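Model the full structure from these sequences, guided by the hints.
The lines below spell out each chain.
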Amino acid sequence: MNWKPMGALIGLRYKLMWAKTRSRGGKIALAAIGFLLAVLLAGVLTAGGVGAGILAIRSGQAERMAQAVLSHLFVTSVVGSLLLGFGMNSVFADAELRRFPLRERERFGARHFLGMADPFWLFVLALEAGLVVGLYVCGTYSFWYGAAAVMLLFVCGYLLTRLLGVWIERLMSTRSGSMVAVGLIMVLSLAPGTLTPILRKQPSLQAGILGVLQYSPPFAAAAAMTHQGAGAFPGLGLIAAWAVCLVAALVALERRPIARRQSARTAGVTWNGPLDRAAALFGPRMAPLVAHWLRFYLRNNRFRILYPFSLVLAAFLTYNIGLLLHVAGGLFVAALGGFPVVAFLGTSRIAVNQYGYVGGAFRRFFLFPTDPAASLRAGSYAAVLLSAAMIPPAAILWAAFAPRPLDPRVALMPAMNAVTVLFWFHGAGLWTSLYGPRRGDYDKALGNDLSLLGNIVFMGTVFACVALPMVLGPAVSPEDWWLTLPPAALAVAFYVASLRGASMAFLARRERLLAVLEGKA
Amino acid sequence: MTAQSDAIRIINLVKRYGQTLAVDDLSLGVPQGSMFGFLGPNGSGKSTTIGCLTGMLDPTAGSVEILGSRFTAESADLKRRMGVMPETLGLFDPLYAHEFLAFVARMYGLEESEVRRRVSELLAALELTDARKTLAEFSTGMRKRVAFAAAVIHSPDVLFLDEPFESIDPGGVALLKQWLRRFTEQGRTVFITSHVLETVERLCDRVAIVTKPGKLVWQGDITVLAGEGAIHHDGRDFESLEALFLHLTGEKYAELNWL
Numbered sequence: 001m002n003w004k005p006m007g008a009l010i011g012l013r014y015k016l017m018w019a020k021t022r023s024r025g026g027k028i029a030l031a032a033i034g035f036l037l038a039v040l041l042a043g044v045l046t047a048g049g050v051g052a053g054i055l056a057i058r059s060g061q062a063e064r065m066a067q068a069v070l071s072h073l074f075v076t077s078v079v080g081s082l083l084l085g086f087g088m089n090s091v092f093a094d095a096e097l098r099r100f101p102l103r104e105r106e107r108f109g110a111r112h113f114l115g116m117a118d119p120f121w122l123f124v125l126a127l128e129a130g131l132v133v134g135l136y137v138c139g140t141y142s143f144w145y146g147a148a149a150v151m152l153l154f155v156c157g158y159l160l161t162r163l164l165g166v167w168i169e170r171l172m173s174t175r176s177g178s179m180v181a182v183g184l185i186m187v188l189s190l191a192p193g194t195l196t197p198i199l200r201k202q203p204s205l206q207a208g209i210l211g212v213l214q215y216s217p218p219f220a221a222a223a224a225m226t227h228q229g230a231g232a233f234p235g236l237g238l239i240a241a242w243a244v245c246l247v248a249a250l251v252a253l254e255r256r257p258i259a260r261r262q263s264a265r266t267a268g269v270t271w272n273g274p275l276d277r278a279a280a281l282f283g284p285r286m287a288p289l290v291a292h293w294l295r296f297y298l299r300n301n302r303f304r305i306l307y308p309f310s311l312v313l314a315a316f317l318t319y320n321i322g323l324l325l326h327v328a329g330g331l332f333v334a335a336l337g338g339f340p341v342v343a344f345l346g347t348s349r350i351a352v353n354q355y356g357y358v359g360g361a362f363r364r365f366f367l368f369p370t371d372p373a374a375s376l377r378a379g380s381y382a383a384v385l386l387s388a389a390m391i392p393p394a395a396i397l398w399a400a401f402a403p404r405p406l407d408p409r410v411a412l413m414p415a416m417n418a419v420t421v422l423f424w425f426h427g428a429g430l431w432t433s434l435y436g437p438r439r440g441d442y443d444k445a446l447g448n449d450l451s452l453l454g455n456i457v458f459m460g461t462v463f464a465c466v467a468l469p470m471v472l473g474p475a476v477s478p479e480d481w482w483l484t485l486p487p488a489a490l491a492v493a494f495y496v497a498s499l500r501g502a503s504m505a506f507l508a509r510r511e512r513l514l515a516v517l518e519g520k521a
Numbered sequence: 522m523t524a525q526s527d528a529i530r531i532i533n534l535v536k537r538y539g540q541t542l543a544v545d546d547l548s549l550g551v552p553q554g555s556m557f558g559f560l561g562p563n564g565s566g567k568s569t570t571i572g573c574l575t576g577m578l579d580p581t582a583g584s585v586e587i588l589g590s591r592f593t594a595e596s597a598d599l600k601r602r603m604g605v606m607p608e609t610l611g612l613f614d615p616l617y618a619h620e621f622l623a624f625v626a627r628m629y630g631l632e633e634s635e636v637r638r639r640v641s642e643l644l645a646a647l648e649l650t651d652a653r654k655t656l657a658e659f660s661t662g663m664r665k666r667v668a669f670a671a672a673v674i675h676s677p678d679v680l681f682l683d684e685p686f687e688s689i690d691p692g693g694v695a696l697l698k699q700w701l702r703r704f705t706e707q708g709r710t711v712f713i714t715s716h717v718l719e720t721v722e723r724l725c726d727r728v729a730i731v732t733k734p735g736k737l738v739w740q741g742d743i744t745v746l747a748g749e750g751a752i753h754h755d756g757r758d759f760e761s762l763e764a765l766f767l768h769l770t771g772e773k774y775a776e777l778n779w780l
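Each protein sequence line maps, in turn, to chains W and B.
In case it helps, my numbering puts the first sequence at residues 1 to 521.
In case it helps, my numbering puts the second sequence at residues 522 to 780.
Think of the hints as simulated: they come from the structure by calculation, not from any bench.
Just so you know, not all the hints are guaranteed correct.
Distance condition first, Cα-Cα at most 35 Å in a straight line; then the derived DSBU-like pairs of lysine-lysine [said to hold, decoys possible]:
id: 1; chain 1: B; residue 1: K736; chain 2: W; residue 2: K444
id: 2; chain 1: W; residue 1: K444; chain 2: B; residue 2: K654
id: 3; chain 1: B; residue 1: K733; chain 2: B; residue 2: K773
id: 4; chain 1: B; residue 1: K736; chain 2: W; residue 2: K520
id: 5; chain 1: B; residue 1: K698; chain 2: W; residue 2: K520
id: 6; chain 1: W; residue 1: K520; chain 2: B; residue 2: K733
Note that the coordinates shown come from a computational prediction; the quantities given were computed from them, not determined experimentally.
If you want it as structure tokens, here you go:
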């Protein structure tokens, strides 16, 4: 291995990160990282890390506890990374590294060392390491075996996420890829809710699954952590074998060329398609811009995955939060928060960073003989139109599965909340598009390329949807249906005010936007 | 040349990015119906000047007049008469060429039948008829052709072209030159930036040369070069645009003993 250039590249990554702190946004990000480090420390010291280790020793079931904690962290980090995009951004593409005198395996190593050095993965590692510290401090377990086990588990978690990410990217480059991906996500999302009651009823099946899980990386790591001397070796050996297999699979998958998506069209052109007709609703001046943005959304891989997935996530959140609430009508209360996810998830990435994916084409909006801010409004109209289109199918689905007899107010209230979130989110998205832009990759199906402000709005809205039912609890009933109307009206007012305000701020922000989008800031 | 016949007038234009001066008190006029070359070394503020001329950037000081009217980012009526091919091309990669050109034509308010006719004719003339490829899948040269088509589709009176010929094959360049010549023969104006001095020398009738930071060092008629003549400047005769350019911008010589 040629370590010198690899070291230089890793150094360059941190120089680039540090360079970002020179800007005002960078300083805010630096403050946020400081806050995250404090959270990380708290996480290490509490349930996820050291606390879990102490609890494991006290319960007398150290291995079982370690299995549970590590499995939870492993699955959460992999799924969270794939769905929310944390830890999935590549610092350098392989093509970029080809100019340097590095062999293929050195380029592979450099890219993935850099990937593992992402703060998200370091946070996961810290939580896992906390468990080792807890077991070592309160028990008689070896620190070094534990440390080796979590390092290997951390590598396995990263590699599995990358492997799935690369596979999804490859899948999305095929014609039917988005449908297959959505189908798989649906199966994976609904599996826990479907399997849990079955497993509860059939202990033999539960034992069988646990037997298979003994060969999984988290269980192997747990075994290595909680055994002494030679007893730790089978666990370490198993997890090392997993790491080797995952590296081999990742290398093989990365070597496979990405199929270039070809249009279904073979000849001729379409002049006035359904998108143009839908956009015509916005009047002759706005119609071309709205049609353009509709195409921009509908041809985006991330939108194609997230849009149908929002329906699945709404059902998943409603069902699982409903179970957690343990109150009569829990499903209804959960739907008040879960249902509105359909009103923003699909369009979320582009809506809060509208120009982040257009690159240099941003200039084009200033060449047209219209108000340049019309492009901002048109993009928002397209996002609202697409997200709003998901509310009726979600309402039908909710009406089909809502508790019987169906009270019309029970059907109406989640839909009204969806309207509230629809206008709140897209109103906020106008401001984040102007004040928190970030250059992103339009073609990437995965990865989080939002700015700090964009992430705050996106994650904050997701969190609000999850937290709302928890806060409301049994206090809300269909009798209070009218309570959903004022927030919806306020959200509409906020959206209208944002359209006006952001339009006025647009010209003043354009040079800053241009600098960000063309990579000069 | 009087101010009244200038299609483009730049008056004491200054552009700063923070403390950095990009354009320094630039004043020049571009006569109507001329093919005007705007030249300068890298980082001399050519693209910044075009940004100010097309509404992308706000001048720090000074003003711009186009076709006799003051131009700002919100001058919609003037923009209708301007065509721009930006350095970054300004293409929306997920679109197909015909979709992109139709979008641009509709934004300029062309009738639907005219949109279809012009898009079809431009695609055929520029050999961009592969309807299965999005703009992202086009080669650099094909992307340039699309950007050029987008700049002329509404038949503007003033055309701004930032590095229009680079990456286009000789056949394509010959076609564009032929169109541009006809364009100026009709009394319309072309403002070109390019680093290919031979092309500028053959194509343009007037040239302005700027150095860092956006400081005008020479402007004048270069048609004399076509007739085996020379440009007289600083007491010297320059028989090519390249010689004059290197004289004004500073000929560079650096010896690296390892190279």
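Hints, verified against the model:
A C-alpha spacing of about 42 Å is found between K736(B) and K444(W), which places the hinted pair above 35 Å, so the restraint is violated. Pair hint K444(W) plus K654(B) holds up; C-alpha atoms about 19 Å apart against a cutoff of 35 Å. Using a Cα cut-off of 35 Å, the hinted pair K733(B) and K773(B) holds, with the two alpha carbons roughly 15 Å apart. The hinted pair formed by K736(B) and K520(W) meets the criterion: a straight-line CA distance of about 23 Å does not exceed 35 Å.
Restraint check: the Cα-Cα separation between K698(B) and K520(W) comes to about 33 Å, which is no more than 35 Å; the hinted pair holds. For the proposed pair K520(W) and K733(B), the alpha carbon gap of about 19 Å is at most 35 Å, so the pair holds.
Hint check: a violation occurs at hint 1 only; the rest are consistent with the structure.
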